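In order, the protein sequences belong to chains A and B. Using this note's numbering, the first residue of the first sequence is number 1, and each one after it goes up by one. Using this note's numbering, the first residue of the second sequence is number 1, and each one after it goes up by one.
Worth flagging that the hints you see were computed from the coordinates, not collected in a lab. Just so it is clear, the structure is predicted and the values come from calculations on it, not from any experiment. Think of the CB as a built atom: it goes at the ideal place given N, C-alpha and C, for glycine as much as any other residue. Be aware that a few hints might be false.
Computed footprint of chain A on chain B; a stretch qualifies when at least three of its residues, placed anywhere within it, have a C-beta under 8 Å from a C-beta of chain A [as the list claims (entries may be wrong)]:
#1 133-142
#2 158-172
#3 227-235
#4 244-255
#5 259-271
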Amino acid sequence: MKRYEKSLSRRTLLRGAGRIAIALPFLDEMRTRSVWAAPVAPPVRAFNIFLGGGVPSLHWGGGNTLAGPLSPLAPLASKMAFVRGVEGPGGHPAAAGAAFTGKNLVNDTTAGGPSIDNEIMRHAYPTGKPPTPIDVQGAGYYYKFLDNPSRWVKSWDEMGHPKGNFVDDPKALFSSFFGAAPAGMPVGMTAPAAPTPEQKLQQSILDSVVAQYKFYTSDASNLSMSSRSKISDHLDAVRQLEAKLAGTSLVSAGGGSGKLATCATPAAPNAGIYVSKHHNGGSSGGNVVAADFVSSFKVMSDVFAMGVACDLFRFGFSVACCAGDGLSFTGPYNVAGQMVDLTGVGETHDTNHAMGDNPTAGAPTLIKQGYHAHLFLECCSYIMQQLDKYTDSNGQSIFANSFVMLGTDLGTNHTGKGVFYGVSSAGGKFKPGVYDVKGSLLDFLTTCKVAMGLPGVPAAGMTGFVA
Amino acid sequence: MRSGIDRTNALSSNALRMMVAVASLTAWAGCTGAISHGGGSGDPTPGSAGSQAGGSGTGGGLGSSMTGAAGAAGAGSGTVSSLPPGTTMTTTPACANAPLATGGAYVRRLTRWEYANTVADLFKMPVPTGLPELLPADIRANGFSNDFAGQLVSLEHVSAYSGSADAVGAALAKAPAWLTPFATCAATTQGTTAVCRDQIVRGLGLHLFRRPATDAEVMSFGGLFDAAVAAGMTTAPAAAAVVVRGMLQAPQFLYRLERQAAAPGAAARALDNYEIATRLSYFLWSSAPDDALLAAAQAGDLTSPDKLRAQVTRMLTGAHARDVIQRYFREWLSLDDLDDANRGAAFTPQLAADMKKETLDVVGADLWDAKHPLLSMFTSKSTIASPALAKHYGLPAPGAGGRVSTATAPGRTGILTHASVLTVDGDADASIVLRGLYVMRKIMCGDVPAPPPGATSVMLAPATASQRVKSDARLAMQPCQSCHSQFDPLAYAFEPFDNIGALQTKDVNNNPVKSDGWIPMATNVPYTATDDYMAALAKDPRVSDCMAKHVAQFAWGRALESADACLLEDVRGRLGAPGTRTFADVVTAVASSPYFIYTAVQ
Chain A
1 MKRYEKSLSR RTLLRGAGRI AIALPFLDEM RTRSVWAAPV APPVRAFNIF
51 LGGGVPSLHW GGGNTLAGPL SPLAPLASKM AFVRGVEGPG GHPAAAGAAF
101 TGKNLVNDTT AGGPSIDNEI MRHAYPTGKP PTPIDVQGAG YYYKFLDNPS
151 RWVKSWDEMG HPKGNFVDDP KALFSSFFGA APAGMPVGMT APAAPTPEQK
201 LQQSILDSVV AQYKFYTSDA SNLSMSSRSK ISDHLDAVRQ LEAKLAGTSL
251 VSAGGGSGKL ATCATPAAPN AGIYVSKHHN GGSSGGNVVA ADFVSSFKVM
301 SDVFAMGVAC DLFRFGFSVA CCAGDGLSFT GPYNVAGQMV DLTGVGETHD
351 TNHAMGDNPT AGAPTLIKQG YHAHLFLECC SYIMQQLDKY TDSNGQSIFA
401 NSFVMLGTDL GTNHTGKGVF YGVSSAGGKF KPGVYDVKGS LLDFLTTCKV
451 AMGLPGVPAA GMTGFVA
Chain B
1 MRSGIDRTNA LSSNALRMMV AVASLTAWAG CTGAISHGGG SGDPTPGSAG
51 SQAGGSGTGG GLGSSMTGAA GAAGAGSGTV SSLPPGTTMT TTPACANAPL
101 ATGGAYVRRL TRWEYANTVA DLFKMPVPTG LPELLPADIR ANGFSNDFAG
151 QLVSLEHVSA YSGSADAVGA ALAKAPAWLT PFATCAATTQ GTTAVCRDQI
201 VRGLGLHLFR RPATDAEVMS FGGLFDAAVA AGMTTAPAAA AVVVRGMLQA
251 PQFLYRLERQ AAAPGAAARA LDNYEIATRL SYFLWSSAPD DALLAAAQAG
301 DLTSPDKLRA QVTRMLTGAH ARDVIQRYFR EWLSLDDLDD ANRGAAFTPQ
351 LAADMKKETL DVVGADLWDA KHPLLSMFTS KSTIASPALA KHYGLPAPGA
401 GGRVSTATAP GRTGILTHAS VLTVDGDADA SIVLRGLYVM RKIMCGDVPA
451 PPPGATSVML APATASQRVK SDARLAMQPC QSCHSQFDPL AYAFEPFDNI
501 GALQTKDVNN NPVKSDGWIP MATNVPYTAT DDYMAALAKD PRVSDCMAKH
551 VAQFAWGRAL ESADACLLED VRGRLGAPGT RTFADVVTAV ASSPYFIYTA
601 VQ
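With the rest of the complex left out, here is chain A (with noise of 0.2 Å):
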């Protein structure tokens, strides 16, 4: 059995993905050695999954229902621990900063420490990475505030910068993963066109800029570890562009060994999908048509969760809508129930700050029922139920078996108090369910973390939704 000794590199499969046509048993040399040890656990995984504006107490509902603008979470009430009270820092770019991290920022770009997802992954991972082809996946639509990348950004790395490979373009994140590969067809059994002349160049080009990429995240390159991780997001990217240039799949180049039997290249987005654009503070992020910004995230998400299903990331985040950012709806959408019109409306932020500030003093109905926070929610629920629709190694979901991490940045009146969270079970170790409970960000966090394995003492209060 020496054949299955060693898996055969991503980047001579990629190589030759380029020439020849690939038979069925050629996958069987792709797998790695793991693969065959059935049965297998399950990877560790973490994702941070972000709505901004947060979802003010006003809108929880009575009782433990998740009606309202909360009805999008309806689907995963008996898979979740929503998690209300949490005491956060206010203020946009203060709370979202912190809403995966419980610590202040340094500054706007850098974070008071690494985020949950971060800590796990290199408490489970000894080399502080996942065997996978990506570290950390970002998608969403995160309006970019030049100025504030704490507004968006859902990851950081133990020095508290930014981490992530962040793609707010469904077609971009399709392209990257899984090439020009048609929809159904199983991974890695595609056939892309031959490479012209230009795309072996190409190839040739790249080769060497792997070279240099590779020697850069070694021991021998004289750099320190932090910048060895900057040079390795780097070559990260560098090997997602080699599948993206060759057609091929970054799958079929070599996946993670966690690879599911269900992973196989879902619908290429279409050309009318709708990219978010950047921009800095203080400006309006524009006209969004309500139904094209729901449809195309969740072409997003399907995309994001068979990335998960084939491996190739194993931690990421997502967001609905960076935090404070000023979005103007418009047409039709169903709140709740109601079909609304929301031309008109206001921005997101705005029609957020009128009803946290003075929510019964002529505000319009719509918006006292918080369209904006349904609206992201059901962006938010459709990815986390997409990671639900794959089984694991296990015959448990992916999103049951992973750390799911639901937040927000403000609370009760557009505040840091009362925040609304939510976390999946993480194989077991929590309880599904809807909770009060009172302490701060950070207490909740460090909860969690120790519910996950990592060092801590679980904050008094904070122990309800802890299986």
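Got chain A sorted already, so can you dock chain B onto it with the hints?
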């Protein structure tokens, strides 16, 4: 097969060269990884990584292997006390044992602007049309785009680098003579021979990697050259353009790499000559070292304080330095926020462009060309405006070159009363809070904690009250008072200006406006009007210190922290009286500091 496309042959050639490089240098690098032949693909393996280091068997790593390149001032423990005898330092004895580099060991990626400048300068061509826009916009971490903390890398970046490299390659293909300055042999019929190929790669490597290429790099990129020839690029310029496409995507080009390992126990490491040249050129020019600077590096001159200073003086006389100071002000004052501001019908894109141009023109003409003292930026009664902007200010039509006096315009004094700043420093409401924070953070380098939960929703005064009345309410009530008293008064002088910098006697709610206030200090400094305020600001030691601190931050590409106190003290000590300092003086002081030529180690 040179005229055809023979991927196998091309890669085999590349593979062979890779393997030779691996075999020759792995032993030096101490790598123990297996050397895999990669199924004949020429795929470099983990074990081959060490092949890129040092070159020439000197073990220097990262380009420190060149003759004359080694050595730097103050090798040893990396503290002030370890500097060579005679080194002039202005720090107090308390700093003697402090490290000469703080802030951790980090790498900086070229910004979008630096990338475009570098390409244009290296290949002596205009920036290819659309090239800067190909690259993702840079995050302005801590106010500046060259701050390493915000330098994310994603597929978007890497795709853009690939596309940019292709665009540059295509531009070079239209100018066959481009290669001759890098390798004289390229103009001969022997351009694709092995000897000339290596000369070409070394020539390109010196300029694109900003240091001599190592043997391993020559081997690797020489393989790419051969692959290009095999693919039908039968002339040296055509094949070399492919090498350029590769080098432009390599970490040695995209990142400013400095060796971050040091002798055991050392607190910091002295940079070698090429590393100093690179720091200097990206600080002063936002571009790569030119031939003269590279020659100085090769001669080992840059570890001599006098010769380093001479290079600084030379470099500050060029057009590049003027561009950089304008870029510096553009980022420091957040002038690019004008591009996205939304302030109603009167705020047209043309007016916004005129506003930005005014500030940059004044910076270029007054602070750089005319060498006015830096602090005069706050008190100047002269500006350079378009006719539309002059009208916006209520000034007469400007004279030649747009120069116009503001002596007759009450309060229109200095750069902080430019419409550009008065637009980006606040919001649509011309908020005193935001304007005060702008002055506190950007002009005085101060800060306050984020507001407590709920603070932003507290209404202390009617919504239609003036900004001043609202501020008075904040200052009369705790806990608001403790923070707002530190910065609200810094913006009182701007109340006579609306949200796009036009003069107003009443605000949008018809409330009268005032301009008196005070600068918060241990003993507050009162002012009666905007002109007084600007004069007082220019005399505030926090302001002059802050000017130097921001320039140092720009030079180092990171936020400065309390651990940098000795660094800042040394820079300040190299400067004359605050009122006499020019921008060039501050830049020179930063570049002349021994701290500038040290790097942190892991």
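Results of checking the hints against the structure:
no., hint, result
1, 133-142, "holds (count 6)"
2, 158-172, "holds (count 4)"
3, 227-235, "holds (count 4)"
4, 244-255, "holds (count 8)"
5, 259-271, "holds (count 3)"
Hint compliance for this structure: no hint is broken.
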